[in-house]
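**Student:** Residue numbers (the working numbering), protein chains in the order written: chain A, 1 to 523; chain B, 1 to 135.
To be clear, the hints were calculated from the coordinates, so they are not data collected in a lab. Honestly, I wouldn't trust all of these hints.
Stated by the list, open to error - On the chain B side, residues computed to face chain A include the following (Cβ under 10 Å):
1. Lys11
2. Gly16
3. His17
4. Asp18
5. Arg19
6. Arg29
7. Thr38
8. Leu40
9. Thr43
10. Ser65
11. Ala70
12. Ile94
13. Asp97
14. Pro114
15. Leu118
Ideal placement from N, C-alpha and C gives every residue a C-beta, glycine not left out.
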Amino acid sequence: MKTAERQFTTISGVPIDPLYGPAPFDLAAPGEFPYVRGIHADMYRGKLWTMRQFSGFATPEETNRRYHYLLAQGQTGLSVAFDLPTLMGYDPDHAMSLGEVGKCGASVCSLEDMEILFRGIPLGDVTVSMTINSPASVLWAMYLAVAEQQGVEWSRLSGTLQNDILKEYIAQKEYIFPPRPSMRLVTDTIEFGALHTPRFNPVSISGYHIREAGSTAVQELAFTLRDGMEYVDWALERGMDVDAFAPRLSFFFNAHSDFFEEIAKYRAARKIWALAMRDRYGARSERSWKLRFHAQTAGCSLTWQQPYNNVVRTALQAMAAVLGGAQSLHTNSLDEAYALPGEHAVTIALRTQQVLAYETGVAATPDPLGGSYFLEKLTLDTEAAAEDYIRRIDGMGGMIPAIEAGFPQSEIANASYRYQREVESQERIVVGVNRFQSEEQPIELLQIDETAGQHQEKKLAALRARRDNTRVRQTLDALSRAAEGRENTMPFLLDAVRAYASLGEIMDALRAVFGIYQETAHL
Amino acid sequence: MANPIRVLVAKPGLDGHDRGAKIIARALRDAGMEVIYTGLRQTPEMIVNAALQEDVQVIGLSILSGAHNAIVPRVLELLREKDMTDVRLVVGGIVPDEDAEALKKAGVAAVFQPGASLDAIVQFIRGSVEGQPAS
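Could you build the full structure based on these sequences and the hints that come with them?
**Tutor:** Here is the structure:
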């Protein structure tokens, strides 16, 4: 095809001009409002990003061993992956947990499991991120209780709770309660955190899963930032001062394959958030204006075919995240189109970040691509397109009515179907999948068998026989009453987990009060 | 023209990743089939009951969580119990080769792994219902 006839678009379908610039770009320096060029003047010269590999599988015992291994390999933060029963608030012996225990992450169903998960890991010295949403406040209560046992003051704890329920309704679908009681629980954690854990991020507002569900870069950006505004609205409604909680809101974006589109997305994100915090919400603290984010390379871009190519994809995506100014980063492992990563694969993924940080020179100066005609134009276009979505959602009355109308869900489904059709018709080339195919080389995979589930069920049965069940009942009853009323639920959750009530028991108590959510499936 | 092929696309287990299921449902619909999508978190019992009520010829299960070895045999068992062995069961998702072979031996008509093309899936379903590959 002749160049003149061929359409050039980003992976999200945004047209790309034949040539950009020269054009004047009036840009504030890195560290200056609205932070397009980064939130720090010296960026990675002052401090490298945190290398934080998301990890968890089978039992808390096995996952604890993996954490010790990763820390020994030079990883600088931990990130807990929980299994599906934990994410959905079921104990391992529940009928819905059939075949799922320990498969997608670690099974943690009681304070005892959380104690095991962090055995030998001083919580005052390591930052920990926990990917948990509907039952986030319960798992956080368990974490805070382990810190108590270790004698670590809560004020010293540093880390992140994902706790972003809105993107569950939009994309990842691990919701339990209807949106409004769920938002109340999130607001409880924001309020509790502002009082007791000043160094802990109570919410990580996540575009990652929205993108993995098939959205475009602009949709990822717009829906995530609008979700962020929804959390701000609810905290303000609770009577909090914006500068008391906004500095601890953090973000989590995807690092997909279209290099410049991704960098533009991170730069636009900082600008939109800074302007919204200052002008829409009247925040006065500079810390409230600065958007901090974690990035993870795109799991959905990894291919089952020719899995070693995934190392290359991940390296390039990770470089985009670093050039876009990420505060922390997870790099996917080459075997993740098949299974949870094995130790060898996860080591290569971590080494990829270390090569970026110490060999490539990309961390030597802030925003090294700033001023590129193409990148600056793409940043402005991305910002404008995201602002347009945000206005539409405002017009619907906010994110919850938009979700109830199925708006973000169908926008994403349309984008994902269009992309798949483009791959089918070879308008998009995926190396090794629809072009450049070759014979497969088998790779070694992590196997998780059913023994993890049996182990967890046995341990929970022993715990139920050993604990003070009267105290469990009392703390659960108190929690139910708090949930029915307007009190902050966190102190009641802490009492229940300290009594070794199981995750399933606690979530059942809340299900009885809040009810459960069922979505209308939109095709 | 013959009646359109009826397909139930189902998401069993706790896995909420519905991107693939929705794409497949749309692709089958665009290919002229009648598609019923169950939505999320269906037990094997719910899926087989829905298949019976909707009188489908094909059930497509989408599983990405690794729970296929627990869920798929249960669906097959229920199909046998309800005398519905003429319903073809197709599985898509993250299913390793050796598991795929075992599931096919147990009675699954086909397992589609990541990267499978929509056309191949449409053609397989059409072929298995009509007894011949579509042109």
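**Student:** It remains to establish, for every hint, whether it holds in the given structure.
**Tutor:** Tested hints:
no., hint, verdict
1, Lys11, "holds, 9 Å"
2, Gly16, "holds, 3 Å"
3, His17, "holds, 8 Å"
4, Asp18, "holds, 6 Å"
5, Arg19, "holds, 5 Å"
6, Arg29, "holds, 7 Å"
7, Thr38, "holds, 7 Å"
8, Leu40, "holds, 6 Å"
9, Thr43, "holds, 8 Å"
10, Ser65, "holds, 6 Å"
11, Ala70, "holds, 3 Å"
12, Ile94, "holds, 7 Å"
13, Asp97, "holds, 8 Å"
14, Pro114, "holds, 4 Å"
15, Leu118, "holds, 5 Å"
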